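Asker: Chains F and R, in that order, are what the protein sequence lines are.
Just so we're aligned, residue 1 is where the first sequence starts under the numbering used here, counting upward by one.
Just so we're aligned, residue 1 is where the second sequence starts under the numbering used here, counting upward by one.
These are computed hints drawn from the structure, not numbers from a lab.
Values in this document were obtained by computation on a predicted structure and should not be read as measured data.
All residues carry an ideal CB built from backbone N, CA and C; glycine is no exception.
A portion of the hints provided could be inaccurate.
Computed far set for chain R versus chain F, every beta-carbon distance over 10 Å [stated by the list, open to error]:
#1 Tyr40
#2 Arg45
#3 Gly71
#4 Gly73
#5 Leu81
What follows is a list of derived Cβ distance ranges for each label pair [to be verified]:
#6 F:Arg229 <-> R:Asn21: 16 to 24 Å
#7 R:Arg138 <-> F:Glu198: 46 to 54 Å
#8 R:Arg138 <-> F:Gly144: 46 to 54 Å
Here are the computed lysine to aspartate or glutamate pairs in the EDC-like style, where the Cα-Cα straight-line distance is at most 20 Å [claimed, not checked]:
#9 R:Lys121 <-> F:Glu20
#10 R:Lys9 <-> R:Glu32
#11 F:Lys275 <-> F:Asp160
#12 R:Lys79 <-> R:Glu113
#13 F:Lys337 <-> F:Asp33
#14 R:Lys79 <-> R:Glu62
#15 R:Lys79 <-> F:Asp311
#16 F:Lys337 <-> F:Glu29
#17 F:Lys337 <-> F:Glu17
#18 R:Lys121 <-> F:Glu35
#19 R:Lys121 <-> F:Asp33
#20 R:Lys84 <-> R:Glu113
#21 R:Lys39 <-> F:Asp33
#22 F:Lys23 <-> F:Glu35
#23 R:Lys9 <-> R:Glu44
#24 F:Lys178 <-> F:Glu264
#25 R:Lys9 <-> R:Glu19
#26 F:Lys23 <-> R:Asp127
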Amino acid sequence: MSDRRIVPIGPYHPLQEEPEFFKLIVEGETVVDLEINLGYNHRGHEFISPELTYDQVPFLVERICGICSNSHPLAFVLAVEDCARITPPPRARFIRTIIHELERIHSHLLWVGLAGHFIGYNTVWMWAWRYREHILQVFEMITGNRNHYAANKPGGTRRDLMPDQIPQILTALDVAEKKTLMLTKAVLDDPVIRSRLERVGVLTREQAIAYSVLGPTARGSGYDVDVRRDDPWDAYGEVPFNVIVCQEGDVFAKAKVRLLEIFESVKIIRACLEKLPDGPIEARVEEIPPGEGIGRAEAPRGEVFHYVRSDGTNRPLRHKVRAPSYMNIASNVVAVKGGSIADAALTLAAVDPCYCCTERMAAFEDGRLTHTGKDLLRLSWQKTERVREKLGR
Amino acid sequence: MREAEAGLKALIPQAEVFEHNPRRLYIRIPRERIADAAKYLHRERGMRLSICTGIDTREGFEVLYHFSEDGTGTMYTLKVLAPKDDPVIDSLATWFPAVDWIEREMTELLGIEFRGHPNMKPLLTSDTDWESGRYPLRRGYERRTDDHER
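Using the sequences plus the hints, can you model the full thing?
Answerer: This is the structure:
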């Protein structure tokens, strides 16, 4: 008889606050196997999507994830453009690239903060999220929202960049870069963080290939895949950047990849802003012919894959969505094996958890709530009016 | 012709290749040969499986295996068709862990049987009272030609 026991993490993850169930099978302190249960929050996007028109679907898939809220609509739009052979105008392609890279910066900083929180290092958490604010403020300025930017549409982008916004983006990037550099040095040199994260949750290169993992999870294991370089879309073929790869495969390597990628993203955004062409921001889309298309975008967590089949109507016949975590979480089965229970929670989080942080505001004065939902709605209408007046529309 | 494309043609003479654009290839093969083709692309050509897509078409259940050749940025999509009265395809999960989840998902949502899957239990509905035998992504085929009123 073996003395195997089950240690449940979930179905509501106590740290990541997400509905997934990891059933650790342990012998003493050592994890010998892992069972993963999903589907607690299955929302049926692939079922709903064929009921919506091509213009409506980006708003649906934007809500798959609050953090990668640009990657899914972007991949869908790329799939539709592939199917209908549409080329968006250059300005739209550069703006989409800028927004996509801004998203990577804020997502990576979010993960670094959470990783710090997970190991009880709340200073790292506070710092990382503090510096992430600069990026979120840029998002609010250029798209109107901190998350859910609604920037993509088949054939282009929905919002133009105003000339006066560009210096503000550059200033915010300078601040974020300087602070992130300080944070990166502090995290990578910290002996406590190193000893906690090094050689924990190792995913070897062979395992990474067998599970077809993606993004920093793959690149931290020496598996060099990055769709931005391999299958460039939008402006990625026209701006220089490096793909960060580490060989160790442990949690520390994944943290290193994410932190160093932030600087590459800053580089891409600066190059895009410098080269930003003039012209229209959307191509006219007449109709989507029968056929099929594949769209891939390198989200912060890895390749987001969308497949669209059209039967010539104004709605997709089939729309397949694959988020990177689908491949990455499955690889946890091998990454946690042989480790201790204490390491397991960290290893499971190293593929990068994902939840929406859009609910952010509650203003109190003397212990009383000063803004209700209706007040916020009114303020948002007023802001829209001000923007309209400014644009003269 | 690309090396992988030529290799696939040599391995499976019935393969029909359709090039949508230089980086998107669709290859229709008989369903009995899916394991050979996938092994060739993954093991010999070093391709990564992006995902599989199952589609309920008028002709039968179509399963698409999207392989990515990362060195060239090309997607090789293998297409197999299983008739509606015999929706069975050989499982690849015995040697390829990357397909484990998606085969389970396709079984759950479309009712396609993956023969030889080592761990065929529901992926998304394991902890619910969803009754087996109801497949949400199957369609009865009365899709209208267009729908502008929506």
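Asker: Checking against the hints above, which ones are violated?
Answerer: 3, 4, 8, 17, 21
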